[in-house]
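Number of protein chains: 2
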Amino acid sequence: MRFHLIYPAASNQIPMSTAPAYSELCRVYARLYRYYHLGAIVGWDRNAMMPPKGNAARAAAEAELNALIHRTRTDQRVADWLRAAEEESLDAVERANLREMRRDWRDANALPESLVEAKTLAGAKCEHAWRSQRPANDWRGFLENFRVVVRLAREEAQLLADDTGFTRYDALMDRFEPGVRAADIERIFGDVKQWLPGLIARVQAKQRDEQVIAPVAPFPAAAQRAMNLTVMKLLGFDFEAGRLDESTHPFSGGVPEDVRLTTRYREDDFVQSLMGTIHETGHARFEQNLPRAWLGQPIGVARSYGIHESQSLSFEMQLARSRGFVGLLAPMLAAHFGRQPAFAADNLSRLLTRVKPGFIRVEADEVTYPAHVILRYEIERALIEGEIEAEDIPALWDEKMQTLLGLDTRGDFRRGCMQDVHWSEGAFGYFPSYTLGAMYAAQWFAAMRRAAPDLDARIAAGDLAPVFEWLGANIWSQASRWDTPELVRRASGEALNPAHLRAHLEARYLIRLS
Amino acid sequence: MRFHLIYPAASNQIPMSTAPAYSELCRVYARLYRYYHLGAIVGWDRNAMMPPKGNAARAAAEAELNALIHRTRTDQRVADWLRAAEEESLDAVERANLREMRRDWRDANALPESLVEAKTLAGAKCEHAWRSQRPANDWRGFLENFRVVVRLAREEAQLLADDTGFTRYDALMDRFEPGVRAADIERIFGDVKQWLPGLIARVQAKQRDEQVIAPVAPFPAAAQRAMNLTVMKLLGFDFEAGRLDESTHPFSGGVPEDVRLTTRYREDDFVQSLMGTIHETGHARFEQNLPRAWLGQPIGVARSYGIHESQSLSFEMQLARSRGFVGLLAPMLAAHFGRQPAFAADNLSRLLTRVKPGFIRVEADEVTYPAHVILRYEIERALIEGEIEAEDIPALWDEKMQTLLGLDTRGDFRRGCMQDVHWSEGAFGYFPSYTLGAMYAAQWFAAMRRAAPDLDARIAAGDLAPVFEWLGANIWSQASRWDTPELVRRASGEALNPAHLRAHLEARYLIRLS
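Protein chains in written order, with my numbering: chain A, 1 to 514; chain B, 515 to 1028.
Because the hints were derived from the structure by calculation, they are not lab data.
Every residue gets a Cβ at the ideal spot worked out from N, C-alpha and C, and that includes glycine.
Any given hint could be a false lead.
As the list claims (entries may be wrong) - Just a sample of chain A residues kept apart from chain B, beta carbon distances all over 12 Å, derived: (1) Arg-46; (2) Arg-260; (3) Trp-476.
Stated by the list, open to error - Stretches of chain B that chain A covers, calculated by requiring three or more beta carbons in the stretch to come under 8 Å of a beta carbon on chain A: (4) 542–556; (5) 586–593; (6) 877–884; (7) 1016–1025.
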């Protein structure tokens, strides 16, 4: 115990405004931003650093912080200021910030505390039991808890729907993807369902005779870490404003000023950790490049879950598995793990673009992944809207897996409808974001290629600046300035268009252009 | 960004009581405990993990938390409840907890906010300039800022004195060493001054012809870390409730449920990191063994800075440099760094007990260390009481260094009165705790040897249980149950008695018994 005084330090910049109510709101959100900072760092610590016996005290401390944040977000004065600020003279950025403040107010206040509490308890109970029910393939046991989760999620959706005028499912999804509606998703996923099964079959036929040399293990953790750090550097991660550590479940955490990535190492396989790190680096660069002037305010937050995922997938799928980038990876792998035939660039490229329909979403390649998401979306939308009940899920799951991927999951709940944590926790409306992210990413790269026709040659030459500049100007710097559809139009000149994902998959997997 | 719900978690246990005002106070302090938890973890992170660009946002977040803690501690309702709780029927432990709550209330409320702010600014300014003024030996420049620091510290001391009825210096010191007064220190340090210079001279004479083989570097950081972990294990550190990491300035941080130690490695020297780690492990075991039932309440906090230091010095000085323990260290060193002549137990023992008067307090051995503290105490007491002014310090410093250690510091401010950070920050009243800690530690070991006459033989045999059991029963489990003098009497059967430190030093350095 070294003696040390703690100094109150310089405070974050709070936007200057002559509008009094709006200024009060800015102060509240600046305070919230600092509370979130504390939560982000202790949350990272819990996952990456904390020894087991620290858990109970940490849970209490985090709950106290969450209660404080909740009190701050639901303070009645915030509602008064929101009303008053509407009448104030604000510029366009201030108006957008105010719009996001209203969203946040609605998120925090739409649900009565009793429902939040009931949801939390039911979700925690269901999720906890799920951890052992899933390996035991115990759908019946799961169903008992899950029915309660569904009932409460419908109640929540109804209240949010009453508040917003959206349908129940739209109201849930709007929290993750502001401005995107189920009608949009139906149109987009309907299109994908037309061509995806055929595409998968053609890719499989094409890959049937491909020779792929498997990498020879072991890949020591220290060498993997060094390799990951090298790639992160190439990808522009700012190590003065972030770190890479290890955790059981890899994630991107921390705060925009100090992004904390984690990965995990298996000595028999480097691909998982490497591609996972590249994925998280995509998230990280978004956070690290959010506009500094807006940090601390709701307008300064990364737009949506789908847009965030579009950054990780821009890095992991669009960029890192492109033939040009694989050519950069190949010598780096040889340098870190020693030379071996599997590291030849062409072989590596084949290895990183293998397509194989499988049961498990999180293990799926980029071609079959949308099928997993479409299936989940269709089931959860119908479930929330009351068109089906929880017990109908397995039959629907099997039917859709058969149609989309040609797989039989009958009786296999473990690798079927019980595989994800989302539903057990009551998180409905989130799944579409994964595939929206993939589509946005394809759309960004199509726009990038229009702007820089030599993009792939430059990537192959190790010049990634055009990628970073485009994403920086069109996505990172925009934060929450626009709702998602408007952001997409401004960035790419058109609404979300699944044709770009299709063209990307066909080019890479059938024609092998990129 | 993986999607994850945050669950409010089970809260810390709050003591059950039928006394309504007292119960409200317990709830406030349980909340504060959780806020401190957040501060402790992000503080540890700042020192051990945070990349440089995270600093501004972290400072803002920590300042926000400190403001919240200050608001909570100074809430007028706390004063009301404190008054009401006085009239309630409380048991002895509750009374002691209430006493500590009152102490905390006084600490938080004695000073007007304007003074706290002025002090903070002046201390920060002085300390910041000191960082470059010290290497430049610029006393004149330092003095300019330091005069302001002194003026504000006197104001603070006066207000605390008015509030407590103590003298000005006593009022400052009481925050660090509850119940100990300058009159006690005068008596104790007066005694030490009688025998210390003579003892130092005799030890030096005795060591003059001793042959000590120096260890041969390098000592790789990874091997040092492994060595430190092994020793921490031997010393009973619970790795399920804590960690060892690295930082520029080693410290013991975290929370009782999750103690975070740090050290730093220099490849040319293992002793600093090893003994530093043992020192911090002493602090850590106190924290890890505070009584669980009291955690979250003021009574559950480690007693005082001096008592805390008595634990680190019990480990580092009393135990780890004893001949028996050095016999345990010797083979461990050989196992981690390879065999070398310096690691022979007798040589190692000589190496770890070399005495040499020097200019720098933090580099001092345990024999000369009290001289550094006595000098500082005498100067800072006179300064706070207004008997001297800041410009008188260098002459006094030199005179006392001459008398106590026979060293000439004239004109050398860098290695003289500008060497410590404490004064520049305005932290007066803390220095005595270092030597009180050394005296308490000697007194504990004297009591231990009375209880277990075979103590040294058992230590030499690797059986440290009697040490841990005595400290656990008499210090760790007592937390803040008693004020410091009462704790000392209960633990050792007598008031603080500097004869034990003297006997320890004479036994180890002149007779070489332990």
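Hint compliance check: list the failing hint numbers for this structure, sorted ascending.
Failing hints, ascending: 1, 2, 5, 6 and 7.
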